[in-house]
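Novice: What follows is the residue order along each chain.
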Amino acid sequence: MEEIFRDFWWLLFPLAFLVAGGFNAWLAERRRSDALRLLAAYAAQGKEPPAELLRSLEATRAEPVKG
Amino acid sequence: MEDLFRSYWWLVFPLGWFVAMGFSSWMNYRRQRDTLDLLRTYAEKGQEPPAELLRAITRREEAEAEMWGVGESKHSSDRPWPWQSMVVMFAVLCAGFTWAHFTDLYGAGEAFAIVAFTMGAVCLAFLVSGIFGRRPKA
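Each protein sequence line maps, in turn, to chains X and V. Heads up, the first sequence is in my numbering, so the first residue is 1 and it goes up one at a time. Heads up, the second sequence is in my numbering, so the first residue is 1001 and it goes up one at a time.
Since the hints were derived computationally from the structure, they do not count as laboratory data. Each residue gets a CB set at the ideal place from its N, CA and C atoms; glycine is no exception. Mixed in with the good hints there might be a few duds.
[Said to hold, decoys possible] For each label pair, taking beta carbons as the anchor points, the in silico distance ranges come out as:
#1 V/1047 - X/17: 42 to 50 Å
#2 V/1007 - X/29: 47 to 55 Å
#3 V/1037 - X/19: 22 to 30 Å
[Stated by the list, open to error] According to the in silico footprint, chain V covers these stretches of chain X (three or more CB under 8 Å from chain V):
#4 6-17
#5 21-29
#6 34-41
Please take these sequences and the hints and turn them into a complete structure.
Specialist: Structure, rendered in structure tokens:
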């Protein structure tokens, strides 16, 4: 086991980046769903949502739509 | 086990950085969730939320994006992007590790070759990105 670690310790870095990427994607997804729930609350009230809320939703969007 | 730790104690620092960044991300997320919860309370009561509270939503998004060096922050286009300093830093690191490789420093010459190659690749990536990528506004 120790020998395997000595040979492949450098794998820790790409794996850590993968884990960090996954963790960030998960947090971004939670942010989006929180923002959408808040938008639903505004919609239920029949009120216009604040521009900042819409902007934050756009910032967490995975692929920006152009045009 | 003790021998393994003696050989790889320095791994604590980069891995610690990953853990700290992850923890900071989680805290940022919690702060933003609390802000949104507060906004929902205002929305459900039909009240107008304070402007500062609304600004806090986008501010934290930008802080998070800047921390990981991703996304477009509101202010990023206003600041000059210091790609030249990154190129210099990684070039010096690459040169240092190349020297360590050729002198077989600590008897780990082969490992230093991998690190030198990585530093060189990052240096080139910054150089190409700085020249052909996003430029700071004049």
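Novice: Hint by hint, note whether the structure agrees.
Specialist: Hints, verified against the model:
| no. | hint | in the structure |
| --- | --- | --- |
| 1 | V/1047 - X/17: 42 to 50 Å | holds (44 Å) |
| 2 | V/1007 - X/29: 47 to 55 Å | violated (39 Å) |
| 3 | V/1037 - X/19: 22 to 30 Å | holds (28 Å) |
| 4 | 6-17 | holds (count 6) |
| 5 | 21-29 | holds (count 3) |
| 6 | 34-41 | holds (count 5) |
Checked against the numbered hints given earlier, the structure breaks only hint 2 and satisfies all the rest.
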